[in-house]
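Heads up: the protein sequence lines correspond to chains A, B, C and D, in order. So that you can map any letter, position 191 of the first sequence is 191 in the working numbering, and since no number is skipped, the others follow by simple counting. Count along the second sequence from 1, then add 488; that gives the number in the working numbering. Count along the third sequence from 1, then add 976; that gives the number in the working numbering. Count along the fourth sequence from 1, then add 1464; that gives the number in the working numbering.
It is worth saying that the hints were derived from the structure and are not from the lab. Yeah, the Cβ is synthetic: ideal placement off N, Cα and C, and Gly gets one too. Please note: incorrect hints may appear among the correct ones.
Here are the simulated lysine-lysine pairs, DSS-like style, with alpha carbons at most 27 Å apart [to be verified]:
| no. | chain 1 | residue 1 | chain 2 | residue 2 |
| --- | --- | --- | --- | --- |
| 1 | C | Lys1348 | A | Lys74 |
| 2 | C | Lys1348 | D | Lys1939 |
| 3 | B | Lys860 | A | Lys475 |
| 4 | C | Lys1411 | D | Lys1604 |
| 5 | D | Lys1899 | C | Lys1451 |
| 6 | B | Lys962 | D | Lys1938 |
| 7 | B | Lys962 | A | Lys475 |
| 8 | A | Lys52 | B | Lys923 |
| 9 | D | Lys1938 | A | Lys475 |
| 10 | C | Lys1451 | D | Lys1939 |
| 11 | D | Lys1938 | A | Lys474 |
| 12 | D | Lys1938 | B | Lys963 |
| 13 | C | Lys1451 | A | Lys475 |
| 14 | C | Lys1050 | A | Lys52 |
| 15 | B | Lys963 | C | Lys1451 |
| 16 | A | Lys43 | B | Lys540 |
| 17 | C | Lys1451 | B | Lys962 |
| 18 | B | Lys628 | B | Lys647 |
| 19 | C | Lys1050 | C | Lys1134 |
| 20 | D | Lys1938 | C | Lys1411 |
| 21 | B | Lys531 | D | Lys1938 |
| 22 | D | Lys1836 | B | Lys860 |
| 23 | B | Lys962 | D | Lys1538 |
| 24 | B | Lys628 | A | Lys474 |
| 25 | C | Lys1411 | A | Lys52 |
| 26 | B | Lys963 | A | Lys140 |
| 27 | A | Lys474 | D | Lys1623 |
| 28 | D | Lys1507 | C | Lys1028 |
| 29 | C | Lys1028 | D | Lys1939 |
| 30 | D | Lys1538 | B | Lys531 |
Under 10 Å between C-beta atoms, here's a sample of chain D residues computed to sit facing chain B [stated by the list, open to error]:
| no. | residue |
| --- | --- |
| 31 | Tyr1497 |
| 32 | Asn1501 |
| 33 | Tyr1502 |
| 34 | Trp1504 |
| 35 | Arg1539 |
| 36 | Arg1668 |
| 37 | Ile1670 |
As a plain string of letters, each chain reads:
4 protein chains.
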Amino acid sequence: WHARRRFPWKLLLQIVKVIVITAQLCLFAQQRYNHVNYLWDTKISFSHLFIKGWDTSREIQVYPPADGPLAVYKRSDFFEYLDYSISTYARIREEAIGSYLYDYDKNGSVIPPVLCISQYASGHAFIQNNSYILNDNITKTCVDIPPSIANGSDWSVKKFLETKNITFDFDLLLNTDFTFELRTIKLRVNLPFDTPECYHLTGRVIFDNHEHDGQILVELDVAARVLECDGSIHLASESSSLKVWRTIMNILSIIVCVVSLIMCVRALYRGYLIMQSTVEFFRRYVGKPLTVDERMEFVNMWYILICINDILIIIGSFLKIGLESKSYEGFLDTWNVCSLFLGVGNMLVWFGLLRYLGFFKTYNVLILTVKKCFPNVLRFSICILMVFAGYSLCGWLVLGPYHLKFRSFSSTMECLYSLINGDDMFATFSSTSGKDPVVWWFSRIYLYSFISLFIYVILSLFIAIIMDAYETIKKYYRRGFPTSDLLI
Amino acid sequence: WHARRRFPWKLLLQIVKVIVITAQLCLFAQQRYNHVNYLWDTKISFSHLFIKGWDTSREIQVYPPADGPLAVYKRSDFFEYLDYSISTYARIREEAIGSYLYDYDKNGSVIPPVLCISQYASGHAFIQNNSYILNDNITKTCVDIPPSIANGSDWSVKKFLETKNITFDFDLLLNTDFTFELRTIKLRVNLPFDTPECYHLTGRVIFDNHEHDGQILVELDVAARVLECDGSIHLASESSSLKVWRTIMNILSIIVCVVSLIMCVRALYRGYLIMQSTVEFFRRYVGKPLTVDERMEFVNMWYILICINDILIIIGSFLKIGLESKSYEGFLDTWNVCSLFLGVGNMLVWFGLLRYLGFFKTYNVLILTVKKCFPNVLRFSICILMVFAGYSLCGWLVLGPYHLKFRSFSSTMECLYSLINGDDMFATFSSTSGKDPVVWWFSRIYLYSFISLFIYVILSLFIAIIMDAYETIKKYYRRGFPTSDLLI
Amino acid sequence: WHARRRFPWKLLLQIVKVIVITAQLCLFAQQRYNHVNYLWDTKISFSHLFIKGWDTSREIQVYPPADGPLAVYKRSDFFEYLDYSISTYARIREEAIGSYLYDYDKNGSVIPPVLCISQYASGHAFIQNNSYILNDNITKTCVDIPPSIANGSDWSVKKFLETKNITFDFDLLLNTDFTFELRTIKLRVNLPFDTPECYHLTGRVIFDNHEHDGQILVELDVAARVLECDGSIHLASESSSLKVWRTIMNILSIIVCVVSLIMCVRALYRGYLIMQSTVEFFRRYVGKPLTVDERMEFVNMWYILICINDILIIIGSFLKIGLESKSYEGFLDTWNVCSLFLGVGNMLVWFGLLRYLGFFKTYNVLILTVKKCFPNVLRFSICILMVFAGYSLCGWLVLGPYHLKFRSFSSTMECLYSLINGDDMFATFSSTSGKDPVVWWFSRIYLYSFISLFIYVILSLFIAIIMDAYETIKKYYRRGFPTSDLLI
Amino acid sequence: WHARRRFPWKLLLQIVKVIVITAQLCLFAQQRYNHVNYLWDTKISFSHLFIKGWDTSREIQVYPPADGPLAVYKRSDFFEYLDYSISTYARIREEAIGSYLYDYDKNGSVIPPVLCISQYASGHAFIQNNSYILNDNITKTCVDIPPSIANGSDWSVKKFLETKNITFDFDLLLNTDFTFELRTIKLRVNLPFDTPECYHLTGRVIFDNHEHDGQILVELDVAARVLECDGSIHLASESSSLKVWRTIMNILSIIVCVVSLIMCVRALYRGYLIMQSTVEFFRRYVGKPLTVDERMEFVNMWYILICINDILIIIGSFLKIGLESKSYEGFLDTWNVCSLFLGVGNMLVWFGLLRYLGFFKTYNVLILTVKKCFPNVLRFSICILMVFAGYSLCGWLVLGPYHLKFRSFSSTMECLYSLINGDDMFATFSSTSGKDPVVWWFSRIYLYSFISLFIYVILSLFIAIIMDAYETIKKYYRRGFPTSDLLI
């Protein structure tokens, strides 16, 4: 009872939908990439400007990292790093290539950067007789450092703190933050959709001594807020008309999705009506109620899929319109949510196309095979998950301290999952070789048994299950499908 | 009705063709490699000479890159880099190991290097009150820098520009190019085919500030033009006779291909004639017209394959002769096209050999299996492509800003395709872990579901499809092939 | 005869066990990670402080390593490195960020660091006439270096040794150790389970010249001993109540395991009784003794599995209680053993859950398949092991000197095993290309043949064996299982 | 007709052989590793001492390399590098940690190091009018540099060459070699088999300008010759008795192999006799000659395998005895050949064990399957090789200039072969993206089509072929093997 006569309309709608949604996604992706990239580059620039020991090899986020963490290990180094950050800030206008300016408060005076020191309230370690006093309440002392003071060449943080009577005990130190605020206008109009934008940037150079293990980690954090911006601009390109296009795109995609949603809901409702009458019919003439499984056959899962993706895209599009129209704050989070809705929605739209391929017999074989083997694959996966969980927990506990990859539980799972698929195997072997022979032997047995079991036995079982389903379906085609009660 | 009696001649021809074409390809590949390698090495040398912060780790093009982009972040650094490039140029003859000389114009005076500055026409950022003026027309100011001036040790670009009254506003700066021209003669005669060659090299040190995000990217670009060159040379080896050999090779391969082409066209034409008469026969005596499929059986796909490769190689060989005989300009592009023709042609020649293996029964099984499963594999691939497209688009949008691999759409596809085949999995997992928990969870679900679906389900289905075809063919061999109408 | 009526109790117990044990494991893993991480970070800090040429890229343990070994090659460098270590030690209190203090002996005087030099007793190389005298007894000279002496800026080890009349012959030198002792208190209370801890750290800077090949390897070794520690501490969080929780956890897991152990032993014993009476029955009425295989059917392997994991966890938990309660010394080893017991125990608990899934028919198919194909897979594995051993030994011998991966026998095995699974193949190819053409050709043939054989033939055979088992089991389900004598 | 009654003796012999040969191989591998490792470490030490810009990251031979080639790009750098090498040599005794001494000639005077300069005989590049004169005969000028002269701090090569009237034209320069000779005695007796050894080392610092592309590659080459060495040594361990053990090992393995060889030859000869009589029998009574295939059934391939490995090991053992007994020169090559014989021999010994597993029925299934599918796999491989060759040649030509991996033909093959097995895929994709869009598109189509074809189609076909063979063999077991004429 596939509604064969009406299908061209729906198919056409779906194809239009795919095109419209994908076009919109491409536009959005580029737009978003620009924003994120600008922030990332700003962070890199700040790292070069405000962190003394910064190195370009730290700009690439790879596994395994090229270097150990950026940290200071000597007291003198700590003050040097801090001086470097503060003096750069004092001369930011002359030094930096980007055009950064201090932020002013409402009175027109510069908002000075703040140096905050978190320490344990009090305490002392009497190492000689293995005893200590500690009050683990945390006190935070903050001090403003006006850039005009810090500009001189012989200025130093250490002296400055001494004049301010701030004691500084490395044994109790938890955190030192240098927070500064800057404003900038991005005068970039390369791409069609670009207009200059005003940002309020808050930078924090963090010296983290929470671990108290002899190293103070150095980190830079940049937060950006987009400000409303007036500007007279003479543009060679017609960016305004492009803005109109973008709005048309948004509206178009919402309309298409709403239409598609309505049609699917109608179809689902019709299916529900047919089910109702069939149930009635069975109850009266066959005398046997329909099982849940048989009732589910009236609910077309494809329609539900389409409904879901329509809803996702409509929500995503509205979020997108919101992001584009007004000046937003709390930058990255909303963008992430919006892109998640649009992205997943678009993915499901593409999956939905498979339904229309299923109308051709030869394609249908494959879809039916997947459908057929699905429950078995799922059941099998549950069995495997138990084994996998056992291995993961054990590996995490025993190998965790000796290997980067086994540090956290999620990373252990990812590592083992990658090993199953033949990735990074030798590197894992070679770096799990601690000095302790117990661990060494354990890691060998653990890895060899895990990999052999999963690659040779479990992967083969998957193939067996799926081939079995394929052959069953092929037999059905030759000899007819098993009839259910509904098809008498 | 395979023409069994005539086959040895054609087979012999094909074998000769494979040998000749492969030999020619090897010669060409070596010749080409030399040229490209010379240019690459020249670029490396120039990078060392003209870019201040150049590092040998930047010479290796790998994924993931060892360092972040080469860029300057401070105004002082920018001028230092520029001074370094210009002063090296001024002393190139004494400093460089290669023998580079300034280019002279027709009057015999040195062509001076040019420093060009691209800026927005006008504009200013009033950061205090979040407003700006911008005219995004681009003005380009160029100034010659004669090497004789720049030779002094206390010369600096900054002062020079001031004397020339060129204003330099980092806020508006888009691009700074330092373009210089050099000549060189490659006095290398190591390899049999080498003769000294004269090059005109144009170097450009580019300082790119288009992004306006606080970093100016530094890049070097070298373009080479081959000049006609006279020279008296006393060679120990007999390079002239080798030149003759090369020409013989070219002619030989063209002749072989032409002969092969003629024979294939004749065979195709004969097939066409037989088809004509069969159609006539069927129309008259069977009363049933032949379907397109049945007609296609008369067209031997192998002959068409051979025709295509012959044509490709003939075109490639003519291009090659052209490249070798005259002095060429616009170096790399023509070479690329030529190598593409020769390469693809040669690849198809090798594929064509499979046809002759098909004459043996046992080999034929395999070829028939591939032929049999081909339509199913294709159909299945279309289904998969939909799923793949959905995943790619979604991943590109959501993960793009957080991971190098998902930056562009094509690279997202490559990344996902590699993941299917078990490559670089853990590294992808570990570097998609942004700080945002929404993105983190999405990336985990996305990657686990994608990999599991493709590796465990889809790969197994491929195996099922192909095994099915294989068994069908084996049954045919045992019980006879299904007869078509043509074989009564 | 599965004891269907009693099963819910046991299942419930097992589920409770899984939850309790996994929770305990998670707590333990975090606790352990903290300890090991603290030690690792301390080692990094010491490396920065005591080794002159230390570089952050050495902090990442990866394959392949980023740098060659840390070594000195010049005599002057050797003394510079040594001076650096000693002078850092002399100023450790002012320089280091961590709060380290010298260790004092019972008289209250500083325990001075010791410089030990191991040399061959005597010997000389008369290189001119190719002869030598050598007495390979090793003499070890140790000298105390009080930090107060070494504090001056012009102090140097070389002069100091001369004043002490210690001769220093690089030709005979085997080892130079600089051993120092420090105390520290870790004032970290970030995490709920953290309390300040006192450590006694023994650092050793080792200059290793055993190889006598022109390079002296430099290494740092840190050993930690936990000391008993008194301290008055004002904690914001209620760590004491957490301590109680931890103890409850320990006891709970032991109780659960003991109960589970008792139930399993009882069930096994009951099985033994049934077996006894069956044996009796058969002997009397059937007149045929039971074979060992038939007897084994009464022993439920699942129960044995559960017994093993119970025992492992009970031992592990007791070890854990020991580690937590008293002040321990000999830090890492006991922790490793304890985590091994808990980890393996927990893994087996998870595996044990599979048994209860086996009660459902559809799940049972998979478990039966694995059981069915197990002997064949094992037999096949033995065949493969022979081939694998042959390849490993041969590769180790021939390629060992040319490639990092083939250095040791175990690493050769790991390399080959990784290659089978498609890992790191090109890198292996490209780095086994020594200069010697014999080795080059051998390595090519070796690698191509090995990989092709294992990936294409052996992996396929595994799939064949497992599919065969799967189909057999499916047939059994359709047509009934083969009856054994026991089921008349 | 397997000789069941005699088999235990042979099996025992083979097991003894495996143990003896493997033990010997382990000893030999360790011995050899020591030698090669010593040389490698010496090379590293010399690199640090004699090459100015040497960096530890160059000591690791990996793919992809961490840095570009070590080269000089400026004339001043060239002379600095050369000065560094020569001055190090002049002060080698004081500076180096290893104990190196100058080599003396028979008169007792130091053999001075030699600086050789290879240049084109004459030539000049008139870059202004694009013409050149070149005589490509190579003249080599050598000059001795006594270490006593070069010791001063203001000594420089440049001045020295001027005083010697040696002209130095970078345009004509091909090669500059600095060759020096040193002697050393390795006073290492760590391992049981170690005795001090005397080496004559020849170092060459090579400045290679053959490419004439602006960079002079810098390389170091070390050759070692073992000299006869007298020495009085007081050893704590009993190395002499170990020497005896080593000899016993050698003799034992030769004896075992000879016995095994004799037995196999006898068995083969007996097989030949049986064949003869069968042929006679068939000719007389059946009247039908035996085919070659049927005759081959009398030749036991296992015996031939054993014969081959016996011969290989006997040759290898004799080579080993030779290496151990006398003082050898031409160090590495003989060792390589010897290890090749022993390694391959040992590998085949292990393979030979499979034969005895074949006596058990269940194991035999697998061996028979491999035997059965072997011809099909081979035939299929030939088909694939054609396709592979086509792809390799084409990729080499077109992508060669743009990617490290496609530089040489053999490396292209290795790259493609690795890609098939899922290795290094994304890295290959990401680094084949040249600027030229033609090449970009070609590389995408090329890689996607290649990988998809090989992984999805060809790998599946392999599985199909092998499963087919497995099922055939299983059927044989159930229904009996097909009878050949010989088994009437």
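Status of the hints after comparison with the structure:
At roughly 64 Å between alpha-carbon atoms, Lys1348 of chain C and Lys74 of chain A are farther apart than 27 Å, so this suggested pair is violated. Distance hint between Lys1348 of chain C and Lys1939 of chain D is fulfilled; the C-alpha atoms sit about 19 Å from each other, no more than 27 Å. Restraint check: the Cα-Cα separation between Lys860 of chain B and Lys475 of chain A comes to about 19 Å, which is no more than 27 Å; the hinted pair holds. Between Lys1411 of chain C and Lys1604 of chain D the CA atoms are separated by roughly 26 Å; this keeps the pair inside 27 Å, and the hint holds.
This hinted pair does not check out: Lys1899 of chain D and Lys1451 of chain C have alpha carbons roughly 59 Å apart, beyond 27 Å. With a C-alpha separation of about 17 Å, the suggested pairing of Lys962 of chain B with Lys1938 of chain D holds against the 27 Å cut-off. Using a Cα cut-off of 27 Å, the hinted pair Lys962 of chain B and Lys475 of chain A holds, with the two alpha carbons roughly 18 Å apart. With a C-alpha separation of about 24 Å, the suggested pair Lys52 of chain A and Lys923 of chain B falls inside the 27 Å cut-off, and the hint holds.
Restraint check: the Cα-Cα separation between Lys1938 of chain D and Lys475 of chain A comes to about 24 Å, which is no more than 27 Å; the hinted pair holds. Restraint check: the Cα-Cα separation between Lys1451 of chain C and Lys1939 of chain D comes to about 16 Å, which is no more than 27 Å; the hinted pair holds. For the given pair, Lys1938 of chain D sits about 25 Å from Lys474 of chain A by alpha-carbon distance, which is consistent with the 27 Å threshold. A hinted pair counts as satisfied when its Cα atoms are at most 27 Å apart, and Lys1938 of chain D with Lys963 of chain B qualifies at roughly 18 Å.
Using a Cα cut-off of 27 Å, the hinted pair Lys1451 of chain C and Lys475 of chain A holds, with the two alpha carbons roughly 16 Å apart. Pair hint Lys1050 of chain C plus Lys52 of chain A does not hold up; C-alpha atoms about 31 Å apart against a cutoff of 27 Å. Taken as a hint, the Lys963 of chain B and Lys1451 of chain C pair is honoured in the structure, with Cα atoms around 23 Å apart against an allowance of 27 Å. Note on Lys43 of chain A and Lys540 of chain B: the hinted pairing holds, with a Cα-Cα distance of about 23 Å set against a maximum of 27 Å.
Taking the CA atoms of Lys1451 of chain C and Lys962 of chain B, the gap is about 24 Å. The hint holds against a cut of 27 Å. With a C-alpha separation of about 20 Å, the suggested pair Lys628 of chain B and Lys647 of chain B falls inside the 27 Å cut-off, and the hint holds. Distance restraint check for Lys1050 of chain C and Lys1134 of chain C: the Cα-Cα separation of roughly 14 Å lies within the 27 Å cut-off, and the hinted pair is therefore satisfied. For a cut-off of 27 Å, the pair hint linking Lys1938 of chain D to Lys1411 of chain C is broken: about 48 Å separates their Cα positions.
Of the pairs offered as hints, the one joining Lys531 of chain B and Lys1938 of chain D is violated, with about 64 Å between alpha carbons and a cut-off of 27 Å exceeded. Simply put, Lys1836 of chain D and Lys860 of chain B have alpha-carbon atoms about 24 Å apart, close enough for the 27 Å limit, and the pair holds. Distance restraint check for Lys962 of chain B and Lys1538 of chain D: the Cα-Cα separation of roughly 69 Å exceeds the 27 Å cut-off, and the hinted pair is therefore not satisfied. As the CA atoms of Lys628 of chain B and Lys474 of chain A are separated by approximately 70 Å, the hinted pair breaks the 27 Å bound.
For a cut-off of 27 Å, the pair hint linking Lys1411 of chain C to Lys52 of chain A is broken: about 44 Å separates their Cα positions. For a cut-off of 27 Å, the pair hint linking Lys963 of chain B to Lys140 of chain A is broken: about 83 Å separates their Cα positions. At most 27 Å may separate the alpha-carbon atoms for a hinted pair to count; Lys474 of chain A and Lys1623 of chain D exceed this at roughly 88 Å. Distance restraint check for Lys1507 of chain D and Lys1028 of chain C: the Cα-Cα separation of roughly 23 Å lies within the 27 Å cut-off, and the hinted pair is therefore satisfied.
Annotation: proposed proximity of Lys1028 of chain C to Lys1939 of chain D is violated, straight-line Cα distance about 72 Å (limit 27 Å). Between Lys1538 of chain D and Lys531 of chain B, the direct Cα distance comes to roughly 14 Å. Compliance with the 27 Å bound is thereby established for this hinted pair. Look at Tyr1497 of chain D: its Cβ only gets to about 30 Å from chain B, farther than 10 Å, so that hint breaks. A hinted interface residue such as Asn1501 of chain D counts as satisfied when its beta carbon comes closer than 10 Å to some beta carbon of chain B; here the least separation is about 27 Å, so the hint is violated.
For Tyr1502 of chain D, the interface hint is violated, since its Cβ never comes within 10 Å of a Cβ in chain B; the closest pair sits about 29 Å apart. Annotation: Trp1504 of chain D was flagged as interfacial toward chain B, and the flag is violated, the nearest CB pair being 22 Å apart, outside 10 Å. With 10 Å as the threshold, the beta carbon of Arg1539 of chain D comes within range of chain B, its nearest partner Cβ sitting at about 6 Å, so the hint holds. Checking Arg1668 of chain D against chain B: minimum C-beta separation of about 20 Å lies over 10 Å; hint violated.
Hint on Ile1670 of chain D is violated. Least Cβ distance to chain B is approximately 15 Å, over the 10 Å limit.
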